[in-house]
Amino acid sequence: MANLSLKTLQDAVVESQIWKSIFRHGYAMNRRNRLLAITNNVFYHILPTKITKYGMRMRFHWGAGIMTFYLFMVLTFTGVLLMFYYVPTVPRAYYDMKDLQNVVPFGNILRNMHRYAAHAMVFMVMVHMARTFYTASYKPPREFNWVVGVILLKLTFLLSFSGYLLPWDQLAIWAVTVGTNMARATPLLGYEGPFSNLIGMKINNDIRFALLGGTTVGSATLLRFYVLHCIAFPIALTALLAVHFWRVRRDGYSGDVPIKG
Amino acid sequence: MARATDASAGEENVTRRRLFSFIGWGSFATFFGGITIASLRFFFPRILYEPLQEFVAGRPDDYQIGEVSTRMLKEQRVWVVRNEQGIYTLVAICTHLGCTPIWHPSEDRIKCPCHGSNFLRDGQNVAGPAPSPLYRAAISLDFAGNIIVDKGRKENLQGKRDQPPFFLPLKA
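Chains as they are written, first to last, in this note's numbering: chain A, 1 to 261; chain B, 1 to 172.
Next up, chain A with everything else stripped away, as it sits in the complex (with noise of 0.2 angstroms):
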């Protein structure tokens, strides 16, 4: 009886909309479904197999995603320079930022490319995901692409606010004090939001405290910000964007339809 309601359970999990829209096929064994697990993994299989001439029109699409990606890769090469001065201690960060300004030489010109194209990549985020909206692309087949879509969206947040903290000048310390004390008002997980008290939270083990590091913002803080907005969150943001083309190429561009009239 147990192993009938467990294989009821799997059938009302395997046959919802949600499971289909991220696993195309089912269980069965065989060699066409083999086949299908190869071309259809991201891993496996990066290339589409066809796109249509109407798909590729700019003033449906904008560029806006492509644009997005290519600052993300002025992001990701810019960064990686300021990195070789940057160092996240509170004695010499504001110093080496402003080294970078004043004495590196190009130092100036590649700390304002990864200012200003880390401004524009959210910007522009926000471009393509209003374009995918209006064009009502972010309907099925393409539901779960929305859904990386926005978590792309919160990744590219959580990159401009850890990267926000690095400069450590007086704008830096208060965004980042203000933005962690929302923190605090997490349902469960913040120690002053609701139900929290039930787990036990308190100002030194919950959320807050796990993003600063400590209690208040300090070098705790400017060192967890730096790992993360160097090497946690652009390889997260790199993953999804992997999975997000895919599925792009995939369920096939929203303007392959011809519109007529």
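Keep in mind that the hints were calculated from the coordinates and are not lab data. Using N, Cα and C, we set each Cβ at its ideal position, and we do this for glycine too. Among the hints, erroneous ones may be present.
Stated by the list, open to error - Cβ-to-Cβ under 7 angstroms is the rule here; a few derived chain A residues that face chain B:
1) Trp-174
2) Thr-177
3) Val-178
4) Asn-181
5) Asn-205
6) Ala-210
7) Gly-214
Chain B: place on chain A using the hints.
For chain B alone, kept in the frame of chain A given last:
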């Protein structure tokens, strides 16, 4: 029970395989589960190298009656206020989102530059988004007559904040 022999025979055939499968996947789950839990715990250090919360704020004679003193503000982020009855401190952390408010003597107001919260000199929130009054830190005198302030103990409830240890009664 009619199929009891079938079932037992079927189970016997896969017993060894299921055991190894259980041990194998169990090892995986234990290993990666352990790594996950350890990695999460790793982000909550046992010791913090943050500044001491307790400090000496001079002597009562250093503060005039009716004064909101900013002498400890830069180093300790507190105002020391003396009135007719005694001395109390106000922690200069806005109760909205944690910025440092500014004392405006000409307006007899404490205002936060970030989002515009206003506080009176007793810490009461009177305007802006701040949801509660400014905190008062515990204050006491040591045997030599120095004022000891402990920012680790804070109170902002009316009634409690006017009593020791959050208020230091002094004879004028």
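Outcome of the hint check:
no.: 1; hint: Trp-174; result: holds, 6 angstroms
no.: 2; hint: Thr-177; result: holds, 5 angstroms
no.: 3; hint: Val-178; result: holds, 4 angstroms
no.: 4; hint: Asn-181; result: holds, 4 angstroms
no.: 5; hint: Asn-205; result: holds, 6 angstroms
no.: 6; hint: Ala-210; result: holds, 5 angstroms
no.: 7; hint: Gly-214; result: holds, 5 angstroms
In the structure shown, no violation is registered for any of the earlier numbered hints.
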